[in-house]
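Residue numbers (the numbering used here), protein chains in the order written: chain A, 1 to 262; chain B, 1001 to 1207; chain C, 2001 to 2207.
Careful: at least some of the hints might be erroneous.
[Said to hold, decoys possible] Calculated lysine-lysine pairs in the BS3-like style (CA-CA distance at most 30 Å, straight line):
| # | chain 1 | residue 1 | chain 2 | residue 2 |
| --- | --- | --- | --- | --- |
| 1 | B | 1063 | C | 2081 |
| 2 | A | 168 | C | 2132 |
| 3 | C | 2132 | A | 150 |
[Stated by the list, open to error] For each label pair, taking beta carbons as the anchor points, the in silico distance ranges come out as:
| # | chain 1 | residue 1 | chain 2 | residue 2 | range |
| --- | --- | --- | --- | --- | --- |
| 4 | C | 2075 | B | 1144 | 36 to 46 Å |
| 5 | B | 1088 | C | 2129 | 51 to 61 Å |
| 6 | A | 52 | B | 1120 | 57 to 67 Å |
| 7 | B | 1085 | C | 2020 | 16 to 26 Å |
| 8 | A | 171 | B | 1138 | 58 to 68 Å |
| 9 | B | 1034 | C | 2142 | 28 to 38 Å |
[Claimed, not checked] Away from chain B, derived, C-beta distances all over 10 Å, residues of chain C:
| # | residue |
| --- | --- |
| 10 | 2025 |
| 11 | 2029 |
| 12 | 2039 |
| 13 | 2106 |
Quick caveat, the hints were computed from the structure, so don't treat them as lab data.
Cβ atoms here follow ideal geometry from the backbone N, Cα and C, with glycine treated the same way.
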Amino acid sequence: MSADEPFMFPPDAGRADADALYLELDGWEGPLDLLLDLARRQKVDLRQISILALVDQYLTYIERAGAMKLELAADYLVMAAWLAYLKSAMLLPKAEQEDPSPEELALRLQLRLQRLGAMREAAARLMGRDRIGRDVFLRGLPEGLRTDRKTVWRSDIFSLIQAYGQVKARTAPRIYHVANRPVMTLDSALERVSAMLGVTLEWMEIRDFLPPHASPELKRSALASSFVAALELAKRGRAEIAQDGAFTPLRIRRLKEGAAAV
Amino acid sequence: MSDEPGTLERAVEATLFASEEPLTVDALAAHLGGIAPGDVQDALATLEARYRLRGVHLVERGKRWHFETAPDLAHLLRREKEQVRRLSRAATEVLAIIAYHEPVSRAEIESIRGVQTSAGTLDVLMEAGWIKLAGRREVPGRPVIYATTPEFLDHFGLASRRDLPGIDELRAAGLLDPVDEAMEAAMRFDPDDADESDAADDENLAD
Amino acid sequence: MSDEPGTLERAVEATLFASEEPLTVDALAAHLGGIAPGDVQDALATLEARYRLRGVHLVERGKRWHFETAPDLAHLLRREKEQVRRLSRAATEVLAIIAYHEPVSRAEIESIRGVQTSAGTLDVLMEAGWIKLAGRREVPGRPVIYATTPEFLDHFGLASRRDLPGIDELRAAGLLDPVDEAMEAAMRFDPDDADESDAADDENLAD
């Protein structure tokens, strides 16, 4: 069955048998398609088809198909309902028309059919062209063109010796130097504070315990260590600590043997 | 071949004979080692003329050139087994709609055909290498749009889309415009009057 | 192709062009619908003469005819494209180690570099023509050992390996300083060496 032949049975003719109708339905995809075939069978310009006649044919077709207990796609029925509405609207007096008018609906349908018809014809003409592999043929044994890629590597002497230098530098045994930082350890602070407390029973300010000529860094370290040392001596019951208020000088004095810590 | 062909002409001829796919002027120029594209173009024109009466023709399809057998010899060359994929009617219609309207979305295809298009139909055309995804339409939903490929032009023997059969007439008749546009144009004019004269109608539909 | 070819000549031309294998005179005659083999023979002779100066020749091999590229244009079928790439850091290091320590095995290279060396890196250096296999080390396992080639000296502008600066010279040039940058790079996980796959390696090698 070719696409160009009218493959519909004439709606008013009884010659189409059930099988033929079934086959036709099988090949169809939808209502526009069917409508287009119906329109074409009127053998008139698509722009001049009578929508009314078309609607009649379509409805007859659906009726026939329905009578044959075919399972009709929803598309067909929706279109049938829409066309029935269109037909009744076209038969009504103009005054009672709603918007859009049946003329507009009919025109829209006509335009759609024209467009589908144009594409169907275009498709047929396209398929009829000289096609490769059917009408014209390419070379059966092409040698083929090959492009072989070849990589040319590039480097230079500086990159080479630099790379070697870096390997060597990276893997050379490493010597770690630790800078000699000025600190007073807790042990030496403890020793120093105990010794100095031993010479007097008077209160002494903590800064008197610091080395007199030390650098500022060493002084800070010594202050911290001496403070911790003083706390330690107080805990052991060998010294007492006093401070009059926050951030006032911290004073330390030796405790007599056996006296309790403050 | 009475007159001696030029060196470049021979080189272009040999390259196109040997190539497994059609070649653009630029691809030819590059393959031949940086020949000026203009010279390649000249050589192609000479070759095309030389082969015009032969059993093999040199043709340009979508800016790519290849040799193929002369169409009038088709009857001699048809293979026993058909090499060409047989397309369903749905697929041929969809292909025609894409070719004449490209780029076009699936919804637009469906509005012309009046039925849903199964994914399989588009797949078949993609697999044949005749259509491709051509981006998305910048409208709500950003639908995918389709267009034809150079292989499509190749297969159907079209130098370019302008060679699509009847495309100028269809465009002039407004048959490639969406229905809404045609409706608008037709409504500006009384459709009853328009039907009176084909000429008036034609003008009217051609937006 | 100034003079018009005969019908049979065109048919033979198109058939041979489209055929997927060389054809005998008899096969051609049968294909063309029972033409007398003598006429086919004449057509072939005419065609052969016509194509003699072209970029494509009609040739007979073992009684079978086919078209093929003119021998003087065979070079067009295979083109070589050169691509210049810079040696990666990893490959440069390996090359430097081989140059300074040759002949050297892969295990030795790795122990000097402190990282694993992928086979791909050595392949690249072989492909570049800068190193070669220099036999096997006579130790358990008999590992392959590598050495540089004359091309290596050539490319790097060295008269001999003795021209390579010694360790003291490198130190004097500041090339042995544990530069922070170099340290950092070295401490990083080195993808060239970590990946065993040649393909990935190749990609990585191109800086």
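Discussion item. Hints numbered earlier in the text: which of these fail when held up against the supplied structure?
Written reply: Structure breaks hints 6, 9.
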